[in-house]
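*Asks:* Next come the chains, spelled out residue by residue.
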Amino acid sequence: MKNSFTALLGADRQADRVVPPSGFTAQLTLFTAGAMAFLAVFALALSLAAGRLADRWASALAGTATIRISAPPEQMDTQVAIVLSLLSTTPGIASARAMDAAEQRALLEPWFGPDLPVDALPLPRLIEITEANPGYDGTGLRQRLAAEAPGAVLDDHTRWRRPMAHAAERLRLLGLLSLLLIAGATGAMITLAANSALAANLSVIRVLRLVGAKDSYIVRAFVRRFTLRALTGASAGTVFAMIGVALLPRADEAGAFLTGLGFQGAGWLLPLLLPPLAAVVAFAATRFAAFRTLKGLT
Amino acid sequence: MILFENVGYNYGGGELLSDVALRLAPGSFHFLTGPSGAGKTTFLKLAYAELRPTAGQVTLFGRDARTLARDDVALTRRRIGVVHQDCQFLDHLPLATNVTLPLTVCGKPGNTQDLTALLEWVGLGKLADALPPSLSGGERQRAALARAVIMDPDVILADEPTGNLDWEMSLRLLTLLVELNRMGKTILVATHDMNLIRQAKSQLAARVLRIANRRVQLAGADL
Ligand SMILES: Nc1ncnc2c1ncn2[C@@H]1O[C@H](COP(=O)(O)OP(=O)(O)O)[C@@H](O)[C@H]1O
Ligand SMILES: [Mg+2]
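Residue numbers (the working numbering), protein chains in the order written: chain U, 846 to 1143; chain H, 5 to 227.
Hint data in this document are derived by calculation from the structure and do not stem from the laboratory. Wrong hints could be hidden among the right ones.
[To be verified] In silico DSS-like pairs for lysine-lysine, Cα to Cα no more than 27 Å straight-line:
1. H:Lys130 x H:Lys49
2. H:Lys112 x H:Lys205
3. U:Lys1140 x H:Lys49
4. H:Lys112 x U:Lys1140
5. H:Lys112 x H:Lys189
6. H:Lys49 x H:Lys205
[What the hints assert, rightly or not] Ranges between beta-carbon positions, derived for each pair:
7. U:Phe1133 x H:His96: 19 to 27 Å
8. H:Leu79 x U:Gly1141: 47 to 55 Å
9. H:Leu79 x U:Gly868: 13 to 21 Å
10. H:Asp133 x U:Ala1030: 42 to 50 Å
11. U:Leu1114 x H:Asp133: 44 to 52 Å
12. H:Gly167 x U:Ala1030: 49 to 57 Å
13. H:Gln207 x U:Ser1048: 35 to 43 Å
14. U:Ala1030 x H:Arg27: 14 to 22 Å
15. U:Gly1141 x H:Glu172: 21 to 29 Å
16. H:Leu79 x U:Ser867: 44 to 52 Å
These numbers were taken from a predicted model, which means no experiment stands behind them. For glycine and all other residues, C-beta sits at the position ideal for the given N, C-alpha and C.
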């Protein structure tokens, strides 16, 4: 099969000529291959963008919740100690660490400038929590904090992203599934077109068999045509879709998902795989259809 | 070359041919006669592996026809030139390309001089570029003969090759077949044209087979 694929791309125009040209089927095949490639580019862009989003959100999730403790200065250290020991017995927490004054100053600096006298201010103390996988039970933790250290407040600002990351992951899967469906539909469409071409040319096939043509020769004549058509159509569809993606307006980095739809860097090479993929699908589908038709003839 | 042993053929409604025993020796010339519907075409189809016998055994070039794979059938047909009863061509390609089609499909390069000579020989030199649908019945039959011999086959089978030709054209085609036989080809012609057979017998030693009562018998010399 590999051999016949290379022979196909080679010089074998002879086999092509023995089958009369068929304008209408040819146009339909070109058009459908183009449309399918166009859709496939978007499905691919969707998968890639959803994948990036899922990765970004998942990494943002990896870690950072904080507990803020506000207490009179003389109780502060006790409360911090209570919270730390409480956290060490809470399932779903990988580590917890109280920030020292220097770190807190670094955090506040962008807002208040370097000269802030952190020590003199009644600032809350911060405890940084790194979440384990699976994570902790937020409601339960809040209740225990309220009971044992009334000045402590859990701030798990990244938790809302968890369902979003799941959704993005799901979206990536759907995109990949769409690609598979598009490939399958392309194969089905080419099989139908090839079957109709084979049926329309039964008398040609009979003549060829009668003068001593092997099946492989006859199959090649049809396979070559449909492979080239699928390649041409899919190339056009891919180019148009890539231009469409390239012209999508960009928003800022934090931009919404829609404006992140597109390819980045080497990702631009991926859609270029679609035309050869369409050609391989057409090759296999036509070959299958042609051999099946020939089996019914002597 | 072609050997029939107790061959029977049945399309499904009872045996059309039974107990056929025949040997086509190299260099022989046979006619096959019988009324329309007797099974002449069926017999020829058995001889070029378009049909497989439903009883007995057909041996083509030493191989049981029933054991031939599809590619073997193709290879066998390259050694047997057939002029079909309904000559089929590729209507979108000119006559010359149609005549060289057997060479094309097996990847052999055609020789332009040979082709020109062949077309002249069958009297179609001026029609090399014509499309098959524009040809007359006689021209089609001669084009089919040219296509049948271009591979220089050992055996030539012709199914009513003069079926729709006038007498003059029939004689011309017969002459071509006789010449081929003199060149050493084994020839089998199905026809129910008795005049044609008589004419041939005056030129060479042809045997006449007749299909009667589902059997293929050697006819007497009393034609
Ligand atoms: N494919 C077929 N299926 C069923 N019957 C057939 C088929 N081909 C031929 N026959 C029948 O077989 C008989 C012999 O046909 P054929 O060999 O063409 O005779 P001939 O060439 O001597 O006129 C005819 O009665 C014909 O109807
Ligand atoms: Mg007949």
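*Asks:* It remains to establish, for every hint, whether it holds in the given structure.
*Replies:* Taking the hints in turn, this is what the structure says about them:
| no. | hint | result |
| --- | --- | --- |
| 1 | H:Lys130 x H:Lys49 | 32 Å, violated |
| 2 | H:Lys112 x H:Lys205 | 36 Å, violated |
| 3 | U:Lys1140 x H:Lys49 | 18 Å, holds |
| 4 | H:Lys112 x U:Lys1140 | 25 Å, holds |
| 5 | H:Lys112 x H:Lys189 | 21 Å, holds |
| 6 | H:Lys49 x H:Lys205 | 25 Å, holds |
| 7 | U:Phe1133 x H:His96: 19 to 27 Å | 26 Å, holds |
| 8 | H:Leu79 x U:Gly1141: 47 to 55 Å | 20 Å, violated |
| 9 | H:Leu79 x U:Gly868: 13 to 21 Å | 35 Å, violated |
| 10 | H:Asp133 x U:Ala1030: 42 to 50 Å | 44 Å, holds |
| 11 | U:Leu1114 x H:Asp133: 44 to 52 Å | 49 Å, holds |
| 12 | H:Gly167 x U:Ala1030: 49 to 57 Å | 50 Å, holds |
| 13 | H:Gln207 x U:Ser1048: 35 to 43 Å | 36 Å, holds |
| 14 | U:Ala1030 x H:Arg27: 14 to 22 Å | 57 Å, violated |
| 15 | U:Gly1141 x H:Glu172: 21 to 29 Å | 42 Å, violated |
| 16 | H:Leu79 x U:Ser867: 44 to 52 Å | 30 Å, violated |
In this structure, the earlier hints numbered 1, 2, 8, 9, 14, 15 and 16 are contradicted, and the remaining ones agree with it.
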